[in-house]
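Number of protein chains: 2
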Amino acid sequence: MNINQHYLELQDSYLFSLVTKKVNAYKEKNPSKEVIRLGIGDVTLPLVPAVVEAMQKAVAEQGEKSTFKGYGEEQGYEFLRQTICQYYSEKKVSLSDTEVFISDGAKSDIGNILDIFDIDNTVLIPDPVYPVYVDTNVMAGRKIIYANGTVENNFSPLPDENIKADIIYLCSPNNPTGAVYNKEQLESWVSYALKHDAVILFDSAYETFIQDESLPTSIYQIEGAEKCAIEFCSLSKTAGFTGTRCGYTIVPHALIRNNTSLNKLWLRRQTTKFNGVPYIVQKGAEAVFSNDGLQQIKENIAYYMENAKLISGTLKELNIWHVGGENSPYIWLKCPNDMTSWDYFDYLLENAQVVGTPGSGFGSNGEGFFRLSAFGERKNVIEAMERLRKLK
Amino acid sequence: MNINQHYLELQDSYLFSLVTKKVNAYKEKNPSKEVIRLGIGDVTLPLVPAVVEAMQKAVAEQGEKSTFKGYGEEQGYEFLRQTICQYYSEKKVSLSDTEVFISDGAKSDIGNILDIFDIDNTVLIPDPVYPVYVDTNVMAGRKIIYANGTVENNFSPLPDENIKADIIYLCSPNNPTGAVYNKEQLESWVSYALKHDAVILFDSAYETFIQDESLPTSIYQIEGAEKCAIEFCSLSKTAGFTGTRCGYTIVPHALIRNNTSLNKLWLRRQTTKFNGVPYIVQKGAEAVFSNDGLQQIKENIAYYMENAKLISGTLKELNIWHVGGENSPYIWLKCPNDMTSWDYFDYLLENAQVVGTPGSGFGSNGEGFFRLSAFGERKNVIEAMERLRKLK
Chain B
213 MNINQHYLEL QDSYLFSLVT KKVNAYKEKN PSKEVIRLGI GDVTLPLVPA VVEAMQKAVA
273 EQGEKSTFKG YGEEQGYEFL RQTICQYYSE KKVSLSDTEV FISDGAKSDI GNILDIFDID
333 NTVLIPDPVY PVYVDTNVMA GRKIIYANGT VENNFSPLPD ENIKADIIYL CSPNNPTGAV
393 YNKEQLESWV SYALKHDAVI LFDSAYETFI QDESLPTSIY QIEGAEKCAI EFCSLSKTAG
453 FTGTRCGYTI VPHALIRNNT SLNKLWLRRQ TTKFNGVPYI VQKGAEAVFS NDGLQQIKEN
513 IAYYMENAKL ISGTLKELNI WHVGGENSPY IWLKCPNDMT SWDYFDYLLE NAQVVGTPGS
573 GFGSNGEGFF RLSAFGERKN VIEAMERLRK LK
Chain P
213 MNINQHYLEL QDSYLFSLVT KKVNAYKEKN PSKEVIRLGI GDVTLPLVPA VVEAMQKAVA
273 EQGEKSTFKG YGEEQGYEFL RQTICQYYSE KKVSLSDTEV FISDGAKSDI GNILDIFDID
333 NTVLIPDPVY PVYVDTNVMA GRKIIYANGT VENNFSPLPD ENIKADIIYL CSPNNPTGAV
393 YNKEQLESWV SYALKHDAVI LFDSAYETFI QDESLPTSIY QIEGAEKCAI EFCSLSKTAG
453 FTGTRCGYTI VPHALIRNNT SLNKLWLRRQ TTKFNGVPYI VQKGAEAVFS NDGLQQIKEN
513 IAYYMENAKL ISGTLKELNI WHVGGENSPY IWLKCPNDMT SWDYFDYLLE NAQVVGTPGS
573 GFGSNGEGFF RLSAFGERKN VIEAMERLRK LK
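Chains as they are written, first to last, in our numbering: chain B, 213 to 604; chain P, 213 to 604.
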């Protein structure tokens, strides 16, 4: 009997626990100071009325014999899969509903998708990045190489023809940097993947935050992507579903490796190890895409994007280098005066009582950088920005 | 780029699709005949009022800024973990709430738990059994050996000291056979596991159907089990959550292998690859264990158990060998006249218009056996039993 030894190779993540520890220590020493948190990646606005109404109705249905729903298809109800196809058709992407898999969120599927790939594949992961990409591959014992995000490439690394990767993670708009790939940049990734027989795992969890209509909101807006990419999306940030749990994964029928359909492999994985998303939640998710739902979530996103604008506007004013905030809820800044990420964290906490997230927690290229989030309350964002201005 | 080749070793499961195909073909040829399905493993009674009320309230909370819940702890809200500890204390099992992990159902966790174990471990699986145990291990490329369920051992196989297994699956009350291990039998499994350093994966999804108070409803009622067993439970059958999705997994702190806490490994797995169960669903699950909730689900279980009694009583009357039905919603019968499972399926469909599940779909020892389920409607069960009686 042995445990999976790869788990012992995982680095403990102290990022958010250390943030909490430092904030609590500061508050204890300075009980009169009001600390503002701009570090959180969670939403703060509640579910929109269209979603609440749909879920109330669904709960009532589950309490009546004539409308009760037991097991549904593991890949999700057809009503929701077709709704998502309709949503994609408005992006000029044509999908079949059997290419859509409803999930309990992008995080689960991004981790679980690795089941269908060989352990010997080499994985290319941007640095800095959402830590789950790295950890799930360490757990499986896969070889990981990194694509470096830097100031020079605006934290949007491009493929290197000299490097051979089999599985490529892309996240656009990016967490933590807020950087967004344009059409040409994504074309170069798709072209690399097609040439090298690689599969792109495209995380588009923040796609609804894209304001610039020339930027792709789905990898399938790039020609040929259906032959080399799986797309993961989530309602967590789109519609405030972080505590309600629903997302979806697109595995095109055209995606074939070793003469095998990856769609069929994923269907087999999901029917064997998953039992679908609650009916109630799927009805809530369907309502997100109704006319009322879309209008209501648009207002919430506008609220967060106004916060982002206030943050990036202030950073511009203060001449602090940054990306993000225009088409994403995250702003990624270079710590002033060459401070390290944690030094800047301490400096902001001590001098402005503003909490952000140290960039070094997202990979070695994150050292010297810092993430601010637009998911807070307007008045707190305004107050935090005033404090930043007073710091100079 | 290679796919996980082990997926190609999976046997396609035609069981339920072939059942559906045959039933549809029969109905097309015999439109006037009323077919009764006693094959389903899904519940038919709706959610109880206590659960519906709790979820209605939780949905409303999610629509208000002051009560909105975003990300929760991946392992579940403390209120639910503590409620489950309380439920176990009534079983005379003492748990800490950090030993309880809330899941979206037993199926997910039973598949995903394999992540924390080495690929080279040998797995012992009863035959016949719930196909997920086998398929998830085939997917990972583990060596599988079988514990044979037979008429002689009442489909409750016991450990064989000459066989070395690292991971052992037990399911009691069993799906598909309905057989339940008694205390002494479980003691022999725990003793084997402790001696051989094995880990028991104990699936107790049907524990609430146990009527005989001398039978264990948790593996932890056996001394020493906390050092060798993980328990998986689900509200799917307990409280009709098949479409609402909530279960829980117990990983004791005392369970150590390679000097490593399996509880910590599972926590790391879940925090990395899972984002928790919807708040709304966790509030519904909490209500299952309230006084009202427990009373209401007890009535539903009594309804199903009365169905089971009608079925097993009829089989006794007809002198058909069977197990199950006294402490489980499944009845496992030996096909009369040495018919194969599919022959008996066809025979029942043609001559009584009753649909069950061929035992051969659950493993080679299931050949010649047949599963009937008590989850149907009372009037249909009564009618089906009358038709069986007329067959002799």
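Among the hints, erroneous ones may be present.
Where chains are identical, the list cannot tell them apart; a pair therefore holds if satisfied intra-copy or between any two copies.
[Said to hold, decoys possible] Derived EDC-like pairs: lysine to aspartate or glutamate, alpha-carbon spacing no greater than 20 Å straight-line:
#1 Lys-591 <-> Asp-254
#2 Lys-476 <-> Asp-347
#3 Lys-439 <-> Asp-550
#4 Lys-281 <-> Glu-265
#5 Lys-521 <-> Glu-511
#6 Lys-528 <-> Glu-435
#7 Lys-239 <-> Glu-529
#8 Lys-521 <-> Glu-425
#9 Lys-591 <-> Glu-265
#10 Lys-510 <-> Glu-276
#11 Lys-376 <-> Asp-504
#12 Lys-303 <-> Glu-579
#13 Lys-355 <-> Asp-330
#14 Lys-602 <-> Glu-246
#15 Lys-376 <-> Glu-399
#16 Lys-528 <-> Asp-550
#17 Lys-521 <-> Asp-550
#18 Lys-277 <-> Asp-372
#19 Lys-304 <-> Glu-579
#20 Lys-476 <-> Asp-224
#21 Lys-439 <-> Glu-589
#22 Lys-376 <-> Asp-424
#23 Lys-439 <-> Asp-558
#24 Lys-439 <-> Glu-399
#25 Lys-355 <-> Asp-409
#26 Lys-476 <-> Glu-579
It is worth saying that the hints were derived from the structure and are not from the lab.
Comparing the hints with the structure gives:
1. For a Cα distance limit of 20 Å, the shortest separation of Lys-591 from Asp-254 inside one copy, 17 Å, qualifies, whereas the shortest one across copies, 50 Å, does not.
2. Within a single copy, Lys-476 and Asp-347 get their C-alpha atoms only as close as 26 Å, which misses the 20 Å cut-off; across copies the closest is 15 Å, which meets it.
3. Taking CA atoms no more than 20 Å apart as the test, Lys-439 paired with Asp-550 passes in neither setting, with 43 Å inside one copy and 51 Å between copies.
4. In the homo-oligomer, the alpha carbons of Lys-281 and Glu-265 lie at most 20 Å apart both inside one protomer (18 Å) and across protomers (17 Å), since each shortest distance falls under that limit.
5. Only within a single protomer do Lys-521 and Glu-511 lie at most 20 Å apart by alpha-carbon distance; the minimum there is 15 Å, versus 57 Å between protomers.
6. Taking the shortest Cα distances, Lys-528 and Glu-435 never come within 20 Å of each other, neither inside one copy (36 Å) nor across copies (66 Å).
7. In this assembly of identical chains, the alpha carbons of Lys-239 and Glu-529 never lie at most 20 Å apart, being 29 Å within a copy and 74 Å across copies at closest.
8. Taking the shortest Cα distances, Lys-521 and Glu-425 sit within 20 Å of each other inside one copy (17 Å), while across copies they are farther apart (64 Å).
9. Taking CA atoms no more than 20 Å apart as the test, Lys-591 paired with Glu-265 passes in neither setting, with 29 Å inside one copy and 36 Å between copies.
10. In the homo-oligomer, the alpha carbons of Lys-510 and Glu-276 lie at most 20 Å apart only across protomers (18 Å), although the nearest pairing inside one protomer, at 34 Å, exceeds that limit.
11. Taking the closest pair of Cα atoms, Lys-376 and Asp-504 never come within 20 Å of each other, the shortest separation being 46 Å inside a single copy and 60 Å across copies.
12. In this assembly of identical chains, the alpha carbons of Lys-303 and Glu-579 never lie at most 20 Å apart, being 36 Å within a copy and 52 Å across copies at closest.
13. For a Cα distance limit of 20 Å, the shortest separation of Lys-355 from Asp-330 qualifies both inside one copy, at 11 Å, and across copies, at 18 Å.
14. Taking the shortest alpha-carbon separations for Lys-602 and Glu-246, only the intra-copy value of 16 Å comes in at or below 20 Å, while the best inter-copy value is 80 Å.
15. Only within a single protomer do Lys-376 and Glu-399 lie at most 20 Å apart by alpha-carbon distance; the minimum there is 18 Å, versus 53 Å between protomers.
16. In the homo-oligomer, the alpha carbons of Lys-528 and Asp-550 lie at most 20 Å apart inside one protomer (17 Å), although the nearest pairing across protomers, at 83 Å, exceeds that limit.
17. Proximity of Lys-521 to Asp-550 under the C-alpha cut-off of 20 Å is found in neither arrangement, the shortest distances being 24 Å within a copy and 76 Å between copies.
18. Taking the shortest alpha-carbon separations for Lys-277 and Asp-372, neither the intra-copy value of 59 Å nor the inter-copy value of 46 Å comes in at or below 20 Å.
19. Neither within a single protomer nor between protomers do Lys-304 and Glu-579 lie at most 20 Å apart by alpha-carbon distance, with minima of 39 Å and 52 Å respectively.
20. In this assembly of identical chains, the alpha carbons of Lys-476 and Asp-224 lie at most 20 Å apart only when taken from different copies (12 Å versus 35 Å within one copy).
21. When the C-alpha separation of Lys-439 and Glu-589 is checked against a cutoff of 20 Å, the pair qualifies neither within a copy, at 42 Å, nor between copies, at 48 Å.
22. Taking the shortest Cα distances, Lys-376 and Asp-424 never come within 20 Å of each other, neither inside one copy (32 Å) nor across copies (62 Å).
23. Taking the closest pair of Cα atoms, Lys-439 and Asp-558 never come within 20 Å of each other, the shortest separation being 47 Å inside a single copy and 44 Å across copies.
24. In this homomeric assembly, Lys-439 and Glu-399 come within 20 Å of each other (Cα to Cα) only inside a single copy, at 13 Å, whereas the closest approach across copies is 54 Å.
25. Only within a single protomer do Lys-355 and Asp-409 lie at most 20 Å apart by alpha-carbon distance; the minimum there is 17 Å, versus 31 Å between protomers.
26. Within a single copy, Lys-476 and Glu-579 get their C-alpha atoms no closer than 41 Å, and across copies no closer than 29 Å, so neither meets the 20 Å cut-off.
Checked against the numbered hints given earlier, the structure breaks hints 3, 6, 7, 9, 11, 12, 17, 18, 19, 21, 22, 23, 26 and satisfies all the rest.
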